[in-house]
Structures are given as structure tokens and as C-alpha cells.
Amino acid sequence: MIDLIKKGLALGIGLAVTSKEQVEKVVDEMVKKGEMSQEESKEVISRLIQRGEEEQRELKRMMREEIKQILAELNIATKEDINRLDRRIQNLENQEQ
Numbered sequence: 001m002i003d004l005i006k007k008g009l010a011l012g013i014g015l016a017v018t019s020k021e022q023v024e025k026v027v028d029e030m031v032k033k034g035e036m037s038q039e040e041s042k043e044v045i046s047r048l049i050q051r052g053e054e055e056q057r058e059l060k061r062m063m064r065e066e067i068k069q070i071l072a073e074l075n076i077a078t079k080e081d082i083n084r085l086d087r088r089i090q091n092l093e094n095q096e097q
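When we follow the working numbering, the leftmost residue of the sequence shown carries the number 1, and every step to the right adds one.
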């Protein structure tokens, strides 16, 4: 399962890099054809890259939520659960002393 998650994140990053390169290529072609000025191209590239980064952050957020839900369904202890148990053990050990 961890491998699947890692592959998904790597794919997302790879798509972001590829998309950036493709955006730049398409916009450069538009500049060459006179369909857009150099200044406009910089603005378009910047906006598209920013939007892609926002979408990538949203994808990561959605993946985290899905992973949390899957872990809850599988009854796997979370880091928070383990920390809570560690605190309880520490409190019990302190009471014995």
C-alpha cells in the first residue's frame, strides 16, 4: 500500500513537471506565431503553473484524507493513538513510583 501511495505521488510530481514543460512549449509556439506577446506569455505561464500547483496541493490533501479513512477502516493505530498510549503508560509508571 505504501508503494502505491509513493507511486501516486511520484506520478503527480512527474505530471506537474511534464505539464509545465508542455505549457511552456505551447505558449512559446503561440509567441512565435504572433498570437501572444512575450509579456503575455510570461503571465499565462505563471498563472497556469500556479493553478497546477494549487491542484497538486488539493490532490495531496484528498489523498491524505483517503489514506486516513482507509487506516481507520482497517483499525490500524495512528501516530496519535500511539502517542496517547505512550502518555498513559508514562502516567501509570509515574503513579507506581
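It is possible that some hints are incorrect.
Listed below are the simulated EDC-like cross-link pairs for lysine to aspartate or glutamate, each with C-alpha atoms no more than 16 angstroms apart in a straight line [as the list claims (entries may be wrong)]:
#	residue 1	residue 2
1	K20	E53
2	K20	E66
3	K68	D81
4	K25	E43
5	K25	E35
For the record, the hints were derived by calculation from the structure and aren't laboratory data.
Evaluated hints:
| no. | hint | in the structure |
| --- | --- | --- |
| 1 | K20 with E53 | holds, 10 angstroms |
| 2 | K20 with E66 | violated, 27 angstroms |
| 3 | K68 with D81 | holds, 13 angstroms |
| 4 | K25 with E43 | holds, 14 angstroms |
| 5 | K25 with E35 | holds, 14 angstroms |
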